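Sequence order for the protein chains is A and B. Numbers 0 to 194, taken from numbering that gives the first Met the number 0, label the letters of the first sequence in order. Numbers 0 to 475, taken from numbering that gives the first Met the number 0, label the letters of the second sequence in order.
Any given hint could turn out to be false.
[To be verified] Taking CB as the label site, the calculated pair distances span:
| # | chain 1 | residue 1 | chain 2 | residue 2 | range |
| --- | --- | --- | --- | --- | --- |
| 1 | A | Gly-40 | B | Arg-79 | 32 to 38 Å |
| 2 | A | Gly-174 | B | Gln-249 | 44 to 50 Å |
| 3 | B | Ser-110 | A | Glu-9 | 29 to 35 Å |
| 4 | B | Arg-254 | A | Glu-148 | 41 to 47 Å |
| 5 | A | Leu-177 | B | Asp-244 | 18 to 24 Å |
| 6 | B | Asp-244 | A | Asp-150 | 55 to 61 Å |
[To be verified] Here chain B is said to cover these stretches of chain A; the calculated rule only asks that three of the stretch's residues, wherever they fall, bring their Cβ under 8 Å from a Cβ of chain B:
| # | region |
| --- | --- |
| 7 | 28-42 |
| 8 | 136-149 |
If you're looking for bench data, these hints aren't it; they were derived computationally from the structure. These figures come from a predicted structure and were not determined experimentally. The beta carbon of each residue, even a glycine, is placed where N, CA and C say it ideally should be.
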Amino acid sequence: MTLQPFRRLESRTVVLPQADIDTDQIIPARYLKGTTRAGLGRWLFAGWRYDETGRERPGFPLSAPEARGAQVLVAGANFGCGSSREHAPWALLDHGFRAVVSSSIADIFRANSLKNGLLPVIVDPATHEILLATPALRVAIDLESCTLEFDDARVSFAIDPFARKCLLEGVDELGYLLAQEEAIAAWEKEAGCAR
Amino acid sequence: MGQCSPRTLFAKIWDAHLVRPETDEAPAVLYVDLHLVHEVTSPQAFSVLRERGLRVRRPERTVATMDHSIPTTPRPAGTRFVVQDQECAAQLSALEANCAEFGVELHSLESEQQGIVHVIGAELGLTQPGTTIVCGDSHTSTHGAFGALAFGIGSTEVGHVLATQSLLQRRPRTLQVRVEGRMRPGVSAKDLILTVIARIGVAGGAGQVIEYTGSAIRALSMEARMTVCNMSIEAGARAGLIAPDDVTFQFLAGRPRSPAGAAWDAAVARWRALPGDPGAAFDRTVTIDADALEPRITFGTNPSMSVPIRGAVPDPGSATDAANRAAFDRAVRYMGLRPGQALLGHPIEVVFIGSCTNGRLEDLRAAATVLRGRKVARGVRTLVVPGSRQVKRAAEAEGLDRVFRDAGAEWREPGCSMCIAMNGDQLQPGQSAVSTSNRNFEGRQGPGGRTFLASPLTAAAAAVAGAIADPRELLR
Ligand code: SF4
Numbered sequence: 000m001t002l003q004p005f006r007r008l009e010s011r012t013v014v015l016p017q018a019d020i021d022t023d024q025i026i027p028a029r030y031l032k033g034t035t036r037a038g039l040g041r042w043l044f045a046g047w048r049y050d051e052t053g054r055e056r057p058g059f060p061l062s063a064p065e066a067r068g069a070q071v072l073v074a075g076a077n078f079g080c081g082s083s084r085e086h087a088p089w090a091l092l093d094h095g096f097r098a099v100v101s102s103s104i105a106d107i108f109r110a111n112s113l114k115n116g117l118l119p120v121i122v123d124p125a126t127h128e129i130l131l132a133t134p135a136l137r138v139a140i141d142l143e144s145c146t147l148e149f150d151d152a153r154v155s156f157a158i159d160p161f162a163r164k165c166l167l168e169g170v171d172e173l174g175y176l177l178a179q180e181e182a183i184a185a186w187e188k189e190a191g192c193a194r
Numbered sequence: 000m001g002q003c004s005p006r007t008l009f010a011k012i013w014d015a016h017l018v019r020p021e022t023d024e025a026p027a028v029l030y031v032d033l034h035l036v037h038e039v040t041s042p043q044a045f046s047v048l049r050e051r052g053l054r055v056r057r058p059e060r061t062v063a064t065m066d067h068s069i070p071t072t073p074r075p076a077g078t079r080f081v082v083q084d085q086e087c088a089a090q091l092s093a094l095e096a097n098c099a100e101f102g103v104e105l106h107s108l109e110s111e112q113q114g115i116v117h118v119i120g121a122e123l124g125l126t127q128p129g130t131t132i133v134c135g136d137s138h139t140s141t142h143g144a145f146g147a148l149a150f151g152i153g154s155t156e157v158g159h160v161l162a163t164q165s166l167l168q169r170r171p172r173t174l175q176v177r178v179e180g181r182m183r184p185g186v187s188a189k190d191l192i193l194t195v196i197a198r199i200g201v202a203g204g205a206g207q208v209i210e211y212t213g214s215a216i217r218a219l220s221m222e223a224r225m226t227v228c229n230m231s232i233e234a235g236a237r238a239g240l241i242a243p244d245d246v247t248f249q250f251l252a253g254r255p256r257s258p259a260g261a262a263w264d265a266a267v268a269r270w271r272a273l274p275g276d277p278g279a280a281f282d283r284t285v286t287i288d289a290d291a292l293e294p295r296i297t298f299g300t301n302p303s304m305s306v307p308i309r310g311a312v313p314d315p316g317s318a319t320d321a322a323n324r325a326a327f328d329r330a331v332r333y334m335g336l337r338p339g340q341a342l343l344g345h346p347i348e349v350v351f352i353g354s355c356t357n358g359r360l361e362d363l364r365a366a367a368t369v370l371r372g373r374k375v376a377r378g379v380r381t382l383v384v385p386g387s388r389q390v391k392r393a394a395e396a397e398g399l400d401r402v403f404r405d406a407g408a409e410w411r412e413p414g415c416s417m418c419i420a421m422n423g424d425q426l427q428p429g430q431s432a433v434s435t436s437n438r439n440f441e442g443r444q445g446p447g448g449r450t451f452l453a454s455p456l457t458a459a460a461a462a463v464a465g466a467i468a469d470p471r472e473l474l475r
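Build out the structure end to end from the sequences listed, making use of the hints.
Written out as structure tokens, the structure is:
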């Protein structure tokens with residue numbers, strides 16, 4: 000499967016400042032009843048975004064006019080904790096986000112994001128503070144150089160080199176794993192569990 | 000690290016499953032011994048196989064069940080399940096069709112072995128020491144109680160494992176949580192793990208595998224060990240681990256999928272070599288005093304926000320920075336509490352006893368010790384949901400269903416139920432529940448619902464009192 004390659008992204012940010020935003024907030028379990036990954040953006044942050052009657056709450060950052068078309072979400076620390084549901088990055092991508100920026104991002108969510116072309120960007124606490132305090136900031140994220148730019152600032156971020164290569168080239172990991180077949184079969188033979 | 004230097008339990012399992020070691024350029028290729036599957040996170044993965052013309056590489060290492068979205072409404076013996084929710088019904092049919100097409104063993108609603116994926120893995124004897132186990136579910140960490148390296152994955156990775164029986168992984172670091180001493184009566188594994196999470200924080204285990212060690216861990220039953228490992232993910236950890244010992248072997252002996260005869264003896268000999276070598280180093284160690292533990296209850300909207308049952312909602316001044324403080328304020332407000340308020344006596348409307356954390360026989364027995372001969376408080380809805388059909392049968396064989404029914408609680412069919420509220424078992428907006436499940440996130444048990452996490456003993460005590468209560472009062 001090919002993914003949309005990720006090289007450079009310029010966008011305004013949307014800010015959700017709370018720490019520890021869990022995947023039940025990103026997409027509540029009642030929207031996990033489907034069998035495809037399509038159309039989940041509508042239910043992104045559903046519990047926070049809509050009131051009891053299903054109308055958008057005007058005060059929610061995602062509903063603000065300047066959030067329209069934004070592709071970068073800036074969130075509090077430990078974003079994406081909780082459940083392993085890949086519906087979380089699917090919903091973010093379907094809504095239009097291509098990158099999530101925080102000072103830390105939970106392990107399973109981060110792995111799921113990378114596999115779908117949603118770039119997790121981990122920045123230092125000082126940069127994080129500035130980004131949290133400045134909604135709708137224009138930023139540029141460059142994956143070739145692993146840098147995030149805004150105003151006059153240019154900060155670098157770390158990313159697993161393998162995941163970076165996959166994102167830059169727009170290829171998924173399954174092809175790589177399938178190419179390991181010989182090694183996998185050899186391991187099974189050695190472990191005495193070959194078929 | 001060479002084979003001669005002392006290794007932790009984690010390192011032994013990791014090393015033994017390396018198809019390819021990691022390099023700077025590429026993660027390790029890790030072999031997966033057992034892949035557990037359920038209806039919610041697998042349909043997209045099966046679709047990928049179909050799109051690419053792939054098969055399930057090792058169907059005999061893959062076991063599926065239905066648990067998350069199924070009804071748990073009591074049904075008369077001999078009648079079939081009816082799934083009212085059309086979307087859920089379609090998802091369940093998709094699992095049935097996928098398992099049939101790809102040759103995967105499925106414990107569907109009519110199976111005598113159906114149940115929550117992490118409950119049935121252990122009771123079938125599928126969960127074995129020294130193995131690697133994955134599932135598209137974060138509480139896969141439960142299986143670490145047997146000394147298996149078990150962790151949750153997303154749906155794309157479910158596809159990877161279906162197709163290749165392997166995963167790309169970076170080696171996590173190790174965190175030892177050492178629990179010494181003896182837990183007092185009324186204190187259970189749930190209180191222990193809530194204490195651990197409060198201590199290290201909701202992200203305190205990120206990038207790490209936690210190994211629980213010490214005399215208090217050795218003294219735990221397998222069921223209690225599963226409760227501890229289950230919630231490792233609530234501290235952000237990749238997995239939880241407990242070294243296998245005689246308690247583990249006794250639990251596994253004679254299970255349907257456990258080795259038998261000479262193979263059993265060989266397996267036990269292998270398993271005895273798994274515990275970490277003396278002197279094996281952890282990246283970090285945290286120590287907990289078991290004697291000082293008390294029954295615990297959460298007050299906020301993540302599992303690290305807990306206090307001893309006789310404690311009060313903390314002051315937000317203790318939060319470290321502005322973002323944390325905002326999260327704390329929001330959580331306390333959402334829960335309908337204020338800083339400084341005592342938890343004891345806080346009224347509740349619902350009690351949920353069940354889930355992969357506390358839905359096993361021992362948990363139901365604990366709840367029954369409190370509920371036996373007592374009544375659920377007027378106006379409190381109490382659901383008791385066994386973790387599997389086998390748990391349900393065993394509980395009924397010893398009359399626990401009667402204890403619950405006589406007390407005025409609902410005795411339900413097995414499933415995830417109100418832990419995740421996908422099946423209609425849910426809180427109404429503003430309702431408060433004491434729950435033995437693992438997540439108190441906003442809306443987890445229904446939009447606007449307020450969840451107080453606690454042990455089965457504490458949950459049962461709350462059912463009787465109609466308010467948050469100290470179970471020790473009722474055990475005297
Ligand atoms: S009981 Fe709850 S936590 Fe456990 S598998 Fe089911 S939904 Fe997940």
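Comparing the hints with the structure gives:
no. : hint                              : in the structure
1   : A:Gly-40 x B:Arg-79: 32 to 38 Å   : 37 Å, holds
2   : A:Gly-174 x B:Gln-249: 44 to 50 Å : 45 Å, holds
3   : B:Ser-110 x A:Glu-9: 29 to 35 Å   : 53 Å, violated
4   : B:Arg-254 x A:Glu-148: 41 to 47 Å : 58 Å, violated
5   : A:Leu-177 x B:Asp-244: 18 to 24 Å : 39 Å, violated
6   : B:Asp-244 x A:Asp-150: 55 to 61 Å : 58 Å, holds
7   : 28-42                             : holds (count 8)
8   : 136-149                           : violated (count 0)
In summary, the numbered hints that this structure violates are 3, 4, 5, 8.
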